[in-house]
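The listed protein sequences correspond, in order, to chains H and Z. Sequence positions in the first sequence follow my numbering and run 168 to 678. Sequence positions in the second sequence follow my numbering and run 168 to 678.
Please keep in mind that the hints were generated in silico from the structure rather than gathered at the bench. One or more of the hints may lead you astray.
Identical copies look the same in the list; a pair holds intra-copy or inter-copy alike.
Computed list of lysine-lysine pairs in DSSO-like fashion (alpha-carbon distance at most 30 Å, straight line) [claimed, not checked]:
id, residue 1, residue 2
1, K394, K539
2, K499, K387
3, K499, K539
4, K364, K635
Note that the structure is a prediction, hence the values are computed from the model and not measured.
Listed below, chain by chain, are the residues.
2 protein chains.
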Amino acid sequence: MGLEAGGDSDRMSGNGQRMARTGQRAPRASGPSPHLYAVILAGGSGTRFWPLSRHLYPKQLLRIIGEETLIQQTMRRVLGCVPAERVLVSTTPAQADSIRYQLGEWKDALRENFVIEPEGRNTAPAIALAAGELITRDPEAVMLVLPADHVIQGSQRFQAAVALGVQLAGQGRLITFGIPPSRPETGYGYIQPNRGKALMRQRGLAGYPVARFVEKPDAKTAARYLKDGHYYWNSGIFLWRAATILEELARHQPGLARAMRSIGAALQAGASDEFSRLYRRLKPVSIDQGVMERSHRAAVIPVDFTWSDVGNWRSLEEVAARDKAGNVVSGKVVDLDSHDSILYADRRLVATIGLSDMVVVDTPDATLVCPKNRSQEVKAVVDMLRQRGAPEHLEHRTVFRPWGSYTVLEEGSGYKVKRVSVNPGGRLSLQLHHQRSEHWVVIAGTARVTCGRRVFELTVGQSTGIPKETPHRLENPGSGHLHLIEVQNGPYLGEDDIVRFHDDYGRSLKR
Amino acid sequence: MGLEAGGDSDRMSGNGQRMARTGQRAPRASGPSPHLYAVILAGGSGTRFWPLSRHLYPKQLLRIIGEETLIQQTMRRVLGCVPAERVLVSTTPAQADSIRYQLGEWKDALRENFVIEPEGRNTAPAIALAAGELITRDPEAVMLVLPADHVIQGSQRFQAAVALGVQLAGQGRLITFGIPPSRPETGYGYIQPNRGKALMRQRGLAGYPVARFVEKPDAKTAARYLKDGHYYWNSGIFLWRAATILEELARHQPGLARAMRSIGAALQAGASDEFSRLYRRLKPVSIDQGVMERSHRAAVIPVDFTWSDVGNWRSLEEVAARDKAGNVVSGKVVDLDSHDSILYADRRLVATIGLSDMVVVDTPDATLVCPKNRSQEVKAVVDMLRQRGAPEHLEHRTVFRPWGSYTVLEEGSGYKVKRVSVNPGGRLSLQLHHQRSEHWVVIAGTARVTCGRRVFELTVGQSTGIPKETPHRLENPGSGHLHLIEVQNGPYLGEDDIVRFHDDYGRSLKR
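Chain H with its partners taken away, still in its complex shape (with noise of 0.2 Å):
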């Protein structure tokens, strides 16, 4: 069975050659401006919200608050100003199945939109890839750029926000959204804006030239800040033209920008494996200290939308809905008389009785339990853990593919015991493994199955059995998810024991 590895750099720059080959599709005239699109920054890892968040599993894919995941959140909030055609996902290898697989709705319009970095090198060059994806897309593109695991609340005031924004940004502005703040909070970088020069007013908005960004201030600075009222956090939430943000990183990253033309280059002639190795080698730069901080251009528009980064557990309190006790509950919790505490379970059973200002969070697993305010520390859980080697750091019983998924029952010595779930229509590589067997008993649905040369179709209650060195391949021909158990035997049971002979979804057909 089809257990592949997310991190092959075949698959990710086999993306940016299919983006670059249909980089010249017009633009459709639809939404408040034709020449808009939206990039969603979703290549975040995710350790401060462990264990919910793993390294291979972050923020941006979990249902923080209310029923969608955070991606889901957003690509639904963008989709207030531009058609899914013109949403652009910029994320890493590790990453790209699970959000394909959550945003699985647009997955039409999304086919050729995600611009997958061979590796994280913070904000500056991920927008300059995109930017550049953009601008051979449309000369004129506006680029709307966003992360993937902010909660906001108020979509129409975003909406005009980021309408007054495409003015400015018309005008060759970087425009950044400050966030009113609501406590000293020593965590963000706060804006200044010149007020006295207002460049534009809308919709009882306004934006002003940036008279100076702060990084993260002390707390006695962070409380005249707040005090003051004409200092904004920076919300990592921007807009401008891409040919504005190419032109401005040039002048302040020229060493940034001619490295990105190799690229560039490298991505129109095909060159994966030079591409790789080329953004691999950039150095690490956000956009705010490699362009904004420096560019006279930036600008600010202070918004009226609520917003939340929900860095960490504490951080829920500011977006999730609390019982009368003050709690964040969610899952199968039974409390008897805890207050003011986050409780977060899954399908197994929590239990809590008197907990204050507490975080209680339960993973399939792994569990964490802390006070509210040293869940911050819980960053240096996962460094022992990583340290330690340990799994939980990295990834979840259940790992997404672009076909389905797959949840990890039991593993020990000799043997793994998965629960497999195939999409309708998905249809996993034809393989072989060297070192293992493997049984398949149907749960439901239905599996079609190639073995050796047999092709035989399964039912609810059948099993089949592949034995090693065989050429096999699970397939779900209904319009109904397929579920069956899978039992690995054999001495090595790593996920990188495959041999592909064919792959519906572009994955390394070498190993």
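With chain H fixed as given, assemble chain Z onto it according to the hints.
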């Protein structure tokens, strides 16, 4: 596969019959007294250590401290006084399998020594049943009665106390062992000795007539008792001649004594249904309230071993080792800076940061988090779960059977996945299921499978399917453990969908 529910009364009364038939076995003349027997009371239910304990998996079966479970430690403790053949285990049908499994080391010696109550009726009926059995085996029998789930440290002092107790029991006394109080505990009964009238002194110990028993006192009274120095906690450990306790039961609980005569007659006649019916009608009464507090023959030996009834999570601190920060830690815990907390994990990872005086207990299907000083309220949580019909109050995901054990890995609509472990030589009943098919994949050892008329063996990596309505049997013919993954499919997957044709363990063949 055999998924035998543990509550059928036939099984238990079958044991009772066997005991009655072998009643005349002569005691071996070893140990301090050739007439001394130990009766381990192992019928307790398990809410106070939830989620580690369950209704069907109470505290005595837990590894609370050290390498062995409490009942294993209790068994070893009494072996310092009597040989294994003279140990009786008093329990209920629901727990007998788990106890036999844990006491497997003494399987042969204990084979006929389980005294199984059809249903718990507190200690007086259980003791009456055991005393009746013992007096049939040996009219001179002396009984050491002790709960299976206490922690005692200091085995030589324990043996010394028993040796003195045997002397006093020979004089017709009902001996109780008194624990010098270490705190003003309001949860125990207290005993006041008549210190002016020592009955006997030996090896630094003395026995006294009981001046009076005191029910659980209020805090002020408990503080006075502690200060007074002449009050002792009632440990619930007793010693007496079987004849003496039967006399005193007849005197102080004549109704119970009468009923026990009918019950004994039913047992001897092999009328197991009648035995069950009569026993279930007994009024629950404790030996303390029913006899000890009323009898003028009661005596107390203040002891000098360390004792704890580990009545709740907090009491662990009395007996378990603590780390430098005062934490009691067990299992896969990653901690940062916690102190004075009880952190119990199993194979899942538990990460804790900055906890003080907390209890965190993690099990495969449930987690408890509460402040130490509220850990006794876990009972309320268990009650809530029981009212909701939640399985987490009842049993663990791993269930023990006479042939081995099984662990539920996952269950969902129409399917269930188990890991099944069969002891060397173990054999499940010949059985069939009306509503489910089963698939077995061997992951360790060798399975001998009967499926319809075929008998065949499977080794690691081999599998087979058992259609519904097909008589089948699973057996481990090897000398090592057999492990296999079982996938069940069907509309109904309850353990009671089973028709048994033959069983090695005397379990009911009727359904």
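Do the hints match the structure? See the list:
no., hint, in the structure
1, K394 - K539, "within (26 Å within a copy, 42 Å between copies)"
2, K499 - K387, "neither (42 Å within a copy, 41 Å between copies)"
3, K499 - K539, "both (20 Å within a copy, 22 Å between copies)"
4, K364 - K635, "neither (72 Å within a copy, 81 Å between copies)"
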